[in-house]
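Trainee: Order-wise, the sequence lines are chains A and B. Residue numbers for the first sequence follow my numbering, beginning at 389 and rising by one. Residue numbers for the second sequence follow my numbering, beginning at 338 and rising by one.
Simulated from the structure, these hints should not be mistaken for lab results.
Which residues of chain A face chain B? A partial, calculated answer using Cβ under 10 Å:
#1 Lys593
#2 Arg604
#3 Arg608
#4 Pro613
#5 Val614
#6 Asp617
#7 Asp622
#8 Leu629
#9 Asp630
#10 Thr631
Partial chain A-side listing against chain B, Cβ under 10 Å, derived:
#11 Ser597
#12 Thr601
#13 Pro612
Bear in mind that the values here come from a model prediction, so they are computed numbers and not experimental data. C-beta: ideal position from N, C-alpha, C; glycine also.
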Amino acid sequence: MKFFLAWLRSGKRGLLRGQQFLILLPTAMILGLLAVKAAPGLAIDLLTFAAVLTLAFRFRVWAATLAAAGLLAVGGYGIKWALTWSGQQGRWYGFAQLGEHTFAYAGLQGALLIALGLWLTPRVIGQQLGLPGKELEQLTERVETLTQTRTDAVDTAAAELRRIERDLHDGAQARLVALGMSLRAAEKLFKTSPEAALALVTEAKESSSLALTELRDLVRGIYPPVLADRGLADAIKSLALDTPLHTVVDIDLPGEVDMPVGSAVYFTVAEILANAAKHSGARTVRIHVGHATGLLRVQVTDDGAGGADPEHGTGLKGVERRLATFDGILAVSSPPGGPTIIVIEVPCALSSPKTSSC
Amino acid sequence: MRVVIAEDLFLLREGLVRLLQAHDFEIVAAVGTAPELLTALIDTKPDVGIVDVRLPPTNTDDGLRAAIAARKQRPGLPVLVLSQYVEQLYARELLADQKGGVGYLLKDRVFNDEAFAAAIRTVAAGGTVLDPEVVQKLLLKHKTTPVARLTPRELQVLALMAEGRSNAAIGQRLVITEKAVSKHAAGIFAKLDLPLSDDDNRRVLAVLAYLES
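Please take these sequences and the hints and turn them into a complete structure.
Mentor: Here it is, written out as structure tokens:
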């Protein structure tokens, strides 16, 4: 008994799948039928329902199982009563009259139960979650969106790693090899031809400078230093300083944005500013950053020629995908003749602002 | 000349100490964290502090913030900030108090030890030395402020001034006489409405106007 109770309690809290439900009830029915052959009577019915209830409790599909069992009981005994009343006699188990065609009746009953299960299960599951059908549909859509954005995020991350690996391999690593070779050659020439050795050492020094420059550019592309040091607000200010355009920056962020979101927003703004500088012919760019009702909002407006097409080119598409990972959106309004207005919105919470340690 | 060095990576710190000793600097403290740096800058009263931007405890811009904090307590305390990257934002913060005695250079500039030693001396003397990379970024910017009134030649002179070069060095670089450089400098000061004061201070203010543009 103790083990039985423990087994009952260990039942899954989750929901039963349609198939499990379909197996559960017919199994109970067949067990019931077999038992009836050996010991007919109401006791057998009770035994069957007890089994069904036990399984229902174990798997926590209260409503579905009870509804099916209840329908079976009421319907079966109803039909039995109706047939008896109309003069037909015999022994019954549920819907099935025991006699020559017991198995045919049982088969029919099984088919009915399967249909009932298929019809009832999704509705019951929806109801247990407190969701009407429409919300269930929305949930399904959401799962599809999440699957898509997750795939995009994973692909982007993998492509990024490949790029970093390639840059390191062709850049800094190659330079360090060249540097090592130059130094080794200089070492050999040191006594016999100091001047040639000196030239090689100078070359090695230049090589190390270039390696550093390449590493610096690479690091900027991975995680920009100001973003790492100061967070999103200062990082956007820094972007504004670095663009050749005249900028007006207005940032109102009462807290700090999480690193992954901040990074996505940073690179989006960087892309927008780069586009504005390259294509728009704008002189002034206005950047507004704010946060309200759980939504981080960035608006970048330039006074350029307009006509920017977000479908054209991969830059904006790329950052848009990156934002989508955080349910962020990017909207572009760029009529011919300008102005171009680009708005980014990302749902995110702000943490308390960084405090200075000095 | 008495120098405080703050760098968290042991190898780089020792390298800097050796390099500076070879150029006759006296190292009064070589520390590895921002709080130690702040204490050293205030207590040992060095002629100049050489500071890495990224330092413990948070390993972000602690070094920079310690340097700025120290300059609040001792206005004009010369600091030369070194970093693996240069940011205009940080350059502005360093220069914001308009006191001069500020340097901001990429770490790889120490490869050229003579130029580096000269930069330290310029900063210690109250001058301003900005990394050519910062200056280059500034040149890309569309100018909308008084700086826009400068002629291309004056802009060139101002850019070299921002890198901390003397009039003689600027003349050499642009292949003009030192006198011509002072004339350009006077033109720059006039166009930027800088009040008459000692030349060093006006150079700092000119660079600042340049940054603000």
